[in-house]
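Chemist: Chain residues, written in single-letter form:
There are 4 protein chains.
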Amino acid sequence: MIKLASREGGEMLVARKNREEVSLTKVKGCIIGGEQLAVIAGPCAVESEEILKETAFKVRGCGAAFLRGGAYKPRTSPYSFQGLGEEGLKILARVGEDMNMPVITELMDSEDMELVVEYTDIIQVGARNMHNFALLRKLGKIDKPVVLKRGLAATIEEWLLAAEYILAGGNNQVILCERGIRSAEPWTRNTLDLSAVALVKELSHLPVLVDPSHATGVRSLVTPMAKAAIAAGADGIMVEVHPHPEKALSDGEQSLTPKGFSQLMRTIEPVARAVGRRIR
Amino acid sequence: MIKLASREGGEMLVARKNREEVSLTKVKGCIIGGEQLAVIAGPCAVESEEILKETAFKVRGCGAAFLRGGAYKPRTSPYSFQGLGEEGLKILARVGEDMNMPVITELMDSEDMELVVEYTDIIQVGARNMHNFALLRKLGKIDKPVVLKRGLAATIEEWLLAAEYILAGGNNQVILCERGIRSAEPWTRNTLDLSAVALVKELSHLPVLVDPSHATGVRSLVTPMAKAAIAAGADGIMVEVHPHPEKALSDGEQSLTPKGFSQLMRTIEPVARAVGRRIR
Amino acid sequence: MIKLASREGGEMLVARKNREEVSLTKVKGCIIGGEQLAVIAGPCAVESEEILKETAFKVRGCGAAFLRGGAYKPRTSPYSFQGLGEEGLKILARVGEDMNMPVITELMDSEDMELVVEYTDIIQVGARNMHNFALLRKLGKIDKPVVLKRGLAATIEEWLLAAEYILAGGNNQVILCERGIRSAEPWTRNTLDLSAVALVKELSHLPVLVDPSHATGVRSLVTPMAKAAIAAGADGIMVEVHPHPEKALSDGEQSLTPKGFSQLMRTIEPVARAVGRRIR
Amino acid sequence: MIKLASREGGEMLVARKNREEVSLTKVKGCIIGGEQLAVIAGPCAVESEEILKETAFKVRGCGAAFLRGGAYKPRTSPYSFQGLGEEGLKILARVGEDMNMPVITELMDSEDMELVVEYTDIIQVGARNMHNFALLRKLGKIDKPVVLKRGLAATIEEWLLAAEYILAGGNNQVILCERGIRSAEPWTRNTLDLSAVALVKELSHLPVLVDPSHATGVRSLVTPMAKAAIAAGADGIMVEVHPHPEKALSDGEQSLTPKGFSQLMRTIEPVARAVGRRIR
Chain U
1 MIKLASREGG EMLVARKNRE EVSLTKVKGC IIGGEQLAVI AGPCAVESEE
51 ILKETAFKVR GCGAAFLRGG AYKPRTSPYS FQGLGEEGLK ILARVGEDMN
101 MPVITELMDS EDMELVVEYT DIIQVGARNM HNFALLRKLG KIDKPVVLKR
151 GLAATIEEWL LAAEYILAGG NNQVILCERG IRSAEPWTRN TLDLSAVALV
201 KELSHLPVLV DPSHATGVRS LVTPMAKAAI AAGADGIMVE VHPHPEKALS
251 DGEQSLTPKG FSQLMRTIEP VARAVGRRIR
Chain W
1001 MIKLASREGG EMLVARKNRE EVSLTKVKGC IIGGEQLAVI AGPCAVESEE
1051 ILKETAFKVR GCGAAFLRGG AYKPRTSPYS FQGLGEEGLK ILARVGEDMN
1101 MPVITELMDS EDMELVVEYT DIIQVGARNM HNFALLRKLG KIDKPVVLKR
1151 GLAATIEEWL LAAEYILAGG NNQVILCERG IRSAEPWTRN TLDLSAVALV
1201 KELSHLPVLV DPSHATGVRS LVTPMAKAAI AAGADGIMVE VHPHPEKALS
1251 DGEQSLTPKG FSQLMRTIEP VARAVGRRIR
Chain F
2001 MIKLASREGG EMLVARKNRE EVSLTKVKGC IIGGEQLAVI AGPCAVESEE
2051 ILKETAFKVR GCGAAFLRGG AYKPRTSPYS FQGLGEEGLK ILARVGEDMN
2101 MPVITELMDS EDMELVVEYT DIIQVGARNM HNFALLRKLG KIDKPVVLKR
2151 GLAATIEEWL LAAEYILAGG NNQVILCERG IRSAEPWTRN TLDLSAVALV
2201 KELSHLPVLV DPSHATGVRS LVTPMAKAAI AAGADGIMVE VHPHPEKALS
2251 DGEQSLTPKG FSQLMRTIEP VARAVGRRIR
Chain Y
3001 MIKLASREGG EMLVARKNRE EVSLTKVKGC IIGGEQLAVI AGPCAVESEE
3051 ILKETAFKVR GCGAAFLRGG AYKPRTSPYS FQGLGEEGLK ILARVGEDMN
3101 MPVITELMDS EDMELVVEYT DIIQVGARNM HNFALLRKLG KIDKPVVLKR
3151 GLAATIEEWL LAAEYILAGG NNQVILCERG IRSAEPWTRN TLDLSAVALV
3201 KELSHLPVLV DPSHATGVRS LVTPMAKAAI AAGADGIMVE VHPHPEKALS
3251 DGEQSLTPKG FSQLMRTIEP VARAVGRRIR
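Protein chains in written order, with this note's numbering: chain U, 1 to 280; chain W, 1001 to 1280; chain F, 2001 to 2280; chain Y, 3001 to 3280.
Chain U on its own, in the form it takes in the complex (with noise of 0.2 Å):
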């Protein structure tokens, strides 16, 4: 029943029958995929370069490897704050720099990509852009990681034929994001769906993260998700930080203090020992 399409001369570049261990990622000494879970955290935007340097102390001194912040914002409305844009990218730099820790921030056109390769680490494609096919064709053409998120109503398999958009360019740096699909909930953003963590990693070699902040909406809901989402077997996860959530431009609802993300890594790292993992 459940078998992903193959190609032409055999199984997708993403299906795990070509290749039987995760496929690792390296970026600057730090690895997603391997038995140290991937802890992704900062603020939804970059705000300013002072929020961030606060926001990059506190997550990495509680166990985050990497740095999160977002450049440029997709937002439904566009009298909504859209982001620093370049200013944005440089101070994420600068601090991603001065904190050792690689940065990841989302790429919205391709037109803004030899800026975002410039500026960050990894490169994240957003669950609006999942079937954005054009951008998925260019970032198999560059040399830097790639996380992406699951489309708001994505199957499965769309998404690992997503992914496979850029494998087939070249790039085989491709790290997947579960967030959330959009389902008819009304008291959470969206509903997170872990069965996917565990078919992905069943059927592919690609690692799988988990963003309990975007998939919840909800702040009370980020640990106990997050805690799950170990436990089906993600590779890491990418959780939202702001040291004032209320004062947030965007997402301040979902946002833990830095307070909360320290009690997150306490609560998580049992369930990461628990199943073989480890969280430094």
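Possibly wrong hints are sitting among the right ones.
[To be verified] 25 Å max Cα-Cα, derived SDA-like pairs, lysine to any residue:
(1) Y:K3259 <-> F:L2203
(2) U:K144 <-> Y:E3111
(3) Y:K3141 <-> U:E114
(4) W:K1141 <-> F:S2220
(5) U:K138 <-> Y:E3086
(6) W:K1144 <-> F:Y2079
(7) F:K2247 <-> W:A1005
(8) Y:K3259 <-> F:V2275
(9) F:K2144 <-> W:S1110
(10) U:K201 <-> W:S1220
(11) F:K2003 <-> W:T1076
(12) U:K138 <-> Y:P3074
(13) F:K2003 <-> Y:G3260
(14) Y:K3201 <-> F:K2141
(15) W:K1247 <-> W:E1054
(16) U:K3 <-> Y:S3077
(17) F:K2141 <-> W:K1141
(18) Y:K3017 <-> F:S2220
(19) U:K3 <-> Y:L3249
Simulated from the structure, these hints should not be mistaken for laboratory data.
All values reported here derive from a predicted model rather than from experimental measurement.
Given chain U, work out where chains W, F and Y should sit, using these hints.
Modeler: Showing chains W, F and Y alone in chain U's frame:
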């Protein structure tokens, strides 16, 4: 944003605000909602005394405290196997007695309530009947625990209010069970919603189980989802086990063998410990 | 690709392959499934004889042949108005008699079947009970037409197989009713699926109605969706009308006033003619 | 309850409150949003000049004013036929010129914008790119009409705000197109949401088309859904037509033959008249 509806005179009876601790349910010395996880296992349907006995013996040996088995089966087609009815109830009761395991079975119609109450220890309301308010109302009048499965497309609030129907009638022994919601994903039978588990634990004092068998419909996903469920805070799991899944009269594709179930139990044990629970 | 499951010995009883023409249902001289569209109108719930009479008088004047009104109401909360029960049935029967209109009401529990059969001409199975197989089976044994609403998340095949339960019991007078499926759209109560109407007409000989009131939950959408339903091939519509929607005990937001219903009828008339149907 | 978000300084630009009449779009003498329905027809993809010419000739004869054909095709798999690219644009332009039909094609990447603008009269943004905000922003800067398809899981408000991105850039020639939303129904490709059409007409001055081919994915449903769309108030339809659907390189299952399209046009004509529209 997340606010359970209230009732005249105060909070809903299911609301955690009314009661800080989880409302434990005790059946024949077994507890649901305590430190020890409630593990319910058995075949989808009671097919024969022999098969049920073999299954019960094996799942009990692995640590399952409760025995499940359907006597009345909700089937999409009127021409599919519909369960053994009263004969199935009798077999279930005898095997439960022999094995010293409390038994649970689904009640589909209020007409059968007397019979089902007589023969079983816990009564299950299936997903398709979660909104059968007449049935819920009658279950409020009995003195037996009720496992209330979440409807295929029910919101979390609707699920809690369905439980409220039973509590409002005077029966406080209600246990919720998340079993996946319907989504557009073709590779799984349903989409397991573990954020619902965490949210229900936050809003209500009722214990919550997870049924990873129906939630996924895929054998290889049952164990990863059981681990994730426990990490998310579930008070127990309900798992379909059949000695010969390929010959099962229903749900063979998602049933574990006794050996698979034994592996599941060994696998979830460290996760349970990591979150302060135990399986025996 | 689209293939209704078959049964031992041939096609399903609901299948069009068994019967080329639409299976007409006649009740007290009124027909469902014929050239004349079946128009069912009335309040969500029977609230009083006075209000029902006023409504019936007005909708009949506009061309509605059938009178609807709930005596038993499926409500999400146990603390909401639950309908007048037997008293409501009696009022409905008296008003139907006076106005010479066949009446239709929802049956929620098999225990009430005798009563409901006694007082009404057509029995409705609500969306939340579409998968109440015990109820469906009992409705197969009576000699009254049944309107079977589609479940909130039911696939088209599941809906047809639910109808098959009734036909398999010996009752051929089944009328389907599309009333919207649950989706992630927050602005409407449900999402009306008119492709289901066209598909059911292709696959089955059963007549199909559309309930634009529940499907949308929005007064201003009722008339456009009634027009679309008729253009899609529906055999009739079921519309909520209340003389004072702002005071209605349930579903006021989606109820038309008698004046609004009169406009609806004038508006759909040319569409009905355009597809070879008529409303009187 | 239904209230479109506002912006600083007043209503959204797409809001009907800003403009009572439908905002007509005129292209080479053809109008979208007027009394005459806009009928757009043609193959899914431009495959060859011969096939396109044959199709154009036939659909024009039946009353289609606009010719569609994809040069860049969004395909789930990187190994499927991806369209002829620039060559496809040239063929489309030549055939449109010859036949005196304005042409419409999908733009998938901002990099191709100059080319697509040069060769086509109307630019389509596909469902998978509805949330490609960078692309929308650029389309706000050009002087060509844009057809904006609704995203697979987009709410109606998100869809209107995506259009707002284009209007906010200065391009007022936006036409919306409903093409079905993703649901759990396996028998249809998507679920056509006609309440969205009625709701958009109520809230916005933008014209709205319906694409019954993609919305259903089933040939036999295209005509009934075209009728329903027009009855619901759509300003036009977009239909896939191919002289040999069984040989089409994509979407053959949902394409009408020229003969089927001719029947569709004859069938919708009286419905159009019934709602005060015409097809020629």
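Chemist: Broken hints, numbered, in rising order?
Modeler: Hints 4, 14, 17 contradicted; others consistent.
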